[in-house]
Amino acid sequence: MNKWTQKAGQILRARMGQAAERRTSFYLVRGPFVLLIHLKMGWQYEAVFPETPSSSYFFYGCAFAGRAEGFLQHLAQWGGDSGSCALRFVRRVASDAEFEAFFAEAFAQFDAWTAAGKEAVRAQSQKLRQAFLQNITDFLKPLGFQKRSNHWLLPYRACAVMDFHAQKSSHSDTYYLRFCLFHRTASRVCLYCDVTPGVTGSIDWQLMDPALVRRAVEKTVREWIQPLLDMDGSALAVPEWLRQRAFSCECRSCADCWLESAFFPLIPKV
3 MNKWTQKAGQ
13 ILRARMGQAA
23 ERRTSFYLVR
33 GPFVLLIHLK
43 MGWQYEAVFP
53 ETPSSSYFFY
63 GCAFAGRAEG
73 FLQHLAQWGG
83 DSGSCALRFV
93 RRVASDAEFE
103 AFFAEAFAQF
113 DAWTAAGKEA
123 VRAQSQKLRQ
133 AFLQNITDFL
143 KPLGFQKRSN
153 HWLLPYRACA
163 VMDFHAQKSS
173 HSDTYYLRFC
183 LFHRTASRVC
193 LYCDVTPGVT
203 GSIDWQLMDP
213 ALVRRAVEKT
223 VREWIQPLLD
233 MDGSALAVPE
243 WLRQRAFSCE
253 CRSCADCWLE
263 SAFFPLIPKV
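Residue numbers for the sequence shown follow our numbering, so the first one is 3 and each next one is one higher.
Treat the hints with caution; some may be incorrect.
[Said to hold, decoys possible] Okay, derived cross-link-like pairs now, SDA-like style, lysine to any residue, Cα gap no bigger than 25 Å in a straight line: (1) LYS143 x ALA122; (2) LYS120 x ALA67; (3) LYS149 x GLN169; (4) LYS149 x SER172; (5) LYS170 x CYS195; (6) LYS221 x SER151; (7) LYS120 x GLY33; (8) LYS221 x CYS195; (9) LYS120 x PHE91; (10) LYS221 x THR176; (11) LYS5 x PHE141; (12) LYS149 x GLU107; (13) LYS149 x PHE91; (14) LYS170 x ALA218; (15) LYS149 x CYS195; (16) LYS170 x ALA125; (17) LYS120 x LEU130; (18) LYS149 x GLN136; (19) LYS129 x LYS5; (20) LYS221 x CYS182; (21) LYS170 x ARG159; (22) LYS129 x PHE141; (23) LYS5 x ARG15; (24) LYS143 x ARG15.
[Unchecked claim] Pairwise CB distance ranges, derived in the manner of DEER restraints: (25) ASN137 x PHE91: 35 to 45 Å; (26) TYR194 x ARG217: 28 to 38 Å; (27) THR116 x ASN137: 22 to 32 Å; (28) ALA96 x ASP232: 17 to 27 Å; (29) PRO34 x ILE13: 20 to 30 Å; (30) LEU214 x LYS9: 26 to 36 Å; (31) ASP98 x HIS173: 27 to 37 Å; (32) LYS9 x GLN128: 12 to 22 Å; (33) LEU155 x ASP113: 24 to 34 Å; (34) ASP98 x GLN169: 38 to 48 Å.
By construction, these hints were calculated from the structure, which means they are not laboratory data.
What you are looking at is a predicted structure, and each value in this text was computed from that prediction instead of being measured.
The beta carbon of each residue, even a glycine, is placed where N, CA and C say it ideally should be.
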């Protein structure tokens with residue numbers, strides 16, 4: 003890694019004058035664009051390549067430069083977040099040849115992005131985002147879910163709502179995938195599970211293999227959604243004051259918290 007880090011610095015400094023580096027990260031600025039290159043990926047990206055997590059993976063992406071003076075000095079001191087890139091790519095690098103190929107690809111993409119312009123890069127990012135969300139829609143729509151913004155909703159037995167949510171992170175361009183069943187309002191959650199595959203936090207939707215996301219959605223449907231849809235609804239005929247309440251219920255005020263009690267035996271054992 004030290005050899006490649008030194009070599010990467012030489013390549014980048016020879017490429018253009020406006021460049022900054024911090025540890026194993028490099029930043030090239032050209033007009034409103036910043037090319038980010040990371041030679042060491044964080045642990046959160048192990049889910050992107052689950053079969054070979056110990057291999058070396060290099061990242062490159064396109065972000066937009068800040069207008070403040072001393073922007074390069076800021077990058078050199080504090081670095082830049084890969085999640086802020088409008089477009090992001092990861093490549094496995096295990097040899098000098100793959101190292102050379104990585105930089106050739108990154109520079110070619112950077113040239114193409116700067117030639118296309120800022121709006122074209124944003125449009126490409128939005129197109130990829132729509133495809134990511136559409137993959138979830140294609141799987142949930144046959145079950146009756148309707149998409150509302152980043153939620154997929156399905157009324158459940160006239161007393162609750164199933165909600166599959168792709169929640170956008172407030173810190174970076176990543177998503178938390180979650181499923182819950184709530185009664186009347188989203189603040190009264192009966193059931194909840196984290197759909198995110200491989201990690202407990204948010205996922206980078208551009209880098210994550212779509213097959214991994216699809217398998218995670220399929221697992222949620224198989225272990226949570228379908229059992230709920232197949233559940234006996236006879237408890238609905240019982241007067242509210244006779245309905246069994248879940249022992250683990252936190253608010254103990256929801257008239258339909260019997261759902262959690264009835265569903266509890268079906269929850270997968272961790």
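Tell me if the straight-line CA distance from LYS5 to PHE141 falls inside 25 Å.
Judged against 25 Å, a Cα distance of about 46 Å means the pair is violated.
How does the Cβ-Cβ distance of LYS9 and GLN128 compare with 12 to 22 Å: does it lie in that range?
Cβ of LYS9 to Cβ of GLN128: about 35 Å, so the range 12 to 22 Å is violated.
For LYS170 and ARG159, compute the direct alpha-carbon distance and say whether it is at most 25 Å.
Violated: LYS170 and ARG159 sit about 29 Å apart, past 25 Å.
For the pair we were handed, LYS120 and GLY33, check the Cα-Cα distance against 25 Å.
10 Å, holds
Given the hinted pair LYS149 and GLN169, is their alpha-carbon gap at most 25 Å?
Answer holds: LYS149 to GLN169 is near 13 Å, not above 25 Å.
Between LYS149 and PHE91, does the CA-CA distance stay at or below 25 Å?
28 Å, violated
Given the proposed pairing of LYS221 with CYS182, does the C-alpha separation stay at or below 25 Å?
14 Å, holds
Pair hint outcome, LYS149 versus CYS195 [Cα-Cα no greater than 25 Å]:
19 Å, holds
Can the suggested window of 26 to 36 Å be confirmed for the beta-carbon pair LEU214 and LYS9?
Given about 32 Å between the Cβ atoms, the range holds.
Hinted pair, alpha-carbon criterion (25 Å max): LYS170, ALA125. Please report holds or violated.
With a Cα-Cα distance of about 18 Å, the restraint between LYS170 and ALA125 holds, given a limit of 25 Å.
Taken at face value, is the distance from the CA of ALA67 to the CA of LYS120 at most 25 Å?
11 Å, holds
Whether the CB-CB distance between LEU155 and ASP113 falls inside 24 to 34 Å:
Cβ of LEU155 to Cβ of ASP113: about 44 Å, so the range 24 to 34 Å is violated.
Of the numbered hints stated above, those contradicted by the structure are hints 1, 11, 12, 13, 19, 21, 24, 25, 26, 28, 32, 33, listed in ascending order.
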